Amino acid sequence: MLRGFVAILRRDLLLAFRHRSELVNPMMFFVIVLTLFPLALGPDASTLRGIAAGVLWVAALLAALLSLEGMFRSDFEDGALEQMALSSQPLALLVVAKVLAHWLVTGVPLIVLAPVLAVLLDLPAAALPVLMLTLLLGTPVLSLVGAIGMALTVGLRRGGLLLSLLVLPLYVPILIFAASAVADAALGLQVGAQLNMMGALLALALSLGPIATAAALRISLGA
Amino acid sequence: MSMWAWFHRLASPKHFYRIAGRWIPWLTAVCVVLFVVGLYTGLYASPPDYQQGDTIRIMYVHVPAAWLSLFVYVVMAGASAVYLIWRIKLADLVALSSAPIGASFTFLALATGSLWGKPIWFTWWVWDGRLTSELILLFLYLGYMGLRAAIDDRRSAARAGAVLALVGVVNVPIIHYSVEWWATLHQGSTVFRAEGPAIHPSQLLPLLVMGLAFTVFYLTIVLIRARAELLLQERRSAWVREVIDSP
Chain G
1 MLRGFVAILR RDLLLAFRHR SELVNPMMFF VIVLTLFPLA LGPDASTLRG
51 IAAGVLWVAA LLAALLSLEG MFRSDFEDGA LEQMALSSQP LALLVVAKVL
101 AHWLVTGVPL IVLAPVLAVL LDLPAAALPV LMLTLLLGTP VLSLVGAIGM
151 ALTVGLRRGG LLLSLLVLPL YVPILIFAAS AVADAALGLQ VGAQLNMMGA
201 LLALALSLGP IATAAALRIS LGA
Chain Z
1 MSMWAWFHRL ASPKHFYRIA GRWIPWLTAV CVVLFVVGLY TGLYASPPDY
51 QQGDTIRIMY VHVPAAWLSL FVYVVMAGAS AVYLIWRIKL ADLVALSSAP
101 IGASFTFLAL ATGSLWGKPI WFTWWVWDGR LTSELILLFL YLGYMGLRAA
151 IDDRRSAARA GAVLALVGVV NVPIIHYSVE WWATLHQGST VFRAEGPAIH
201 PSQLLPLLVM GLAFTVFYLT IVLIRARAEL LLQERRSAWV REVIDSP
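Protein chains in written order, with my numbering: chain G, 1 to 223; chain Z, 1 to 247.
One chain only, chain G, in its complex shape (with noise of 0.2 Å):
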């Protein structure tokens, strides 16, 4: 079982290190849409600090919203989805593998990058740590939620647009929980309770979100 496990893993990660400029996208992404803000809002640094914790994490959902389909689409298209599906590993296993490649490429970056954008923005240094590690709380939630949205509308010619409405409510909480959490860390407050909710929302996502992704999975295959 592990097998499959590793070799889906490892086949998504050559994939993905052959495809550079993919990988490289949603970091521009990330980058360029936090780069409108300040241009929007004025550069005045005290209202960039009030934000910046939003912003931030707005910016990082929408870069996760924009790579997901990668996760599947090209899997679907030419038939090693199918493939998969049919395997005698679980699907859900194999779901988890290719949402842990999915994140590890576009997920990390993030994070690693995100020190760097926030000390544009003037996020205080004592809020560093609790942003990187509300995304890194965050970001597999985002993956593993967007999975299930992305499964179900694989198969579809236009699911873009779709798959924005279908998943961004979802995402809602996970939202609320971290911007709160760098927020507060900011003011120099205590942040548990917001960090136990996030780690509490990716023990669910990462035991429910993989079966229904899965399930999703086959009904788009039309199994």
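Worth flagging that the hints you see were computed from the coordinates, not collected in a lab. Please read these numbers as outputs of a predicted model, since none were measured by experiment. Beta carbons are placed, not taken as given, at the ideal position from N, Cα and C, and that holds for glycine. No false leads were mixed into what you were given.
Among chain Z residues calculated to face chain G with C-beta under 7 Å, some are: (1) F139; (2) G143; (3) S178.
Calculated Cβ distances over 10 Å to all of chain G for the following chain Z residues: (4) K14; (5) W23; (6) A45; (7) L70; (8) R87; (9) I101; (10) S104; (11) L115; (12) D128; (13) L204; (14) L205; (15) R225; (16) Q233; (17) E234; (18) I244; (19) D245.
Dock chain Z against the given chain G, drawing on the hints supplied.
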């Protein structure tokens, strides 16, 4: 006839069509009576609130609409589970027919809440926890309807919708509490409380009657919609021809 056999017969499209057709006039009558009683006591016979004046009367529409908006989603998810597990087509019809009704209730709750908010909170909209979670519920309904509309194959659409409704129903309480915890201005629950309702009987009675009226209204409309949808889906079967040809 045993209960199970009765249930099985009900689940067959033809019998459902017949039985629902028989129920609809009765449900309509009950619904009209409840609405007349509820609206009369609520809008006319009950006293105005000592703080809110006559504005309180918006509550008799607003609160039942908000109750039903959540109730319908839960019904939808329950029906979706039944459909996924037992492949009872009728359950999918209920889920499919419920979605636009639930979305309408959600919209009604938002609209009436906004009308009430203007004189009481001096604003049409605030980013309050309950308002926001109701708005997100509306998005969940629209997503469900959008997904079903986007998939051409009827069976795939039904199954994909069912999965989405179940994912949604797991998330509804999470979204609700996270948003409520985020910011709240809305008053807490005054009817469902451990200490008993914190609302005067003269206002509670019309509210409950209206709640019942809305529920019966939902049942009536869902049966009408499900019947129409059934005719559409089974339009090639012999029994539908029979129904349509018979005067």
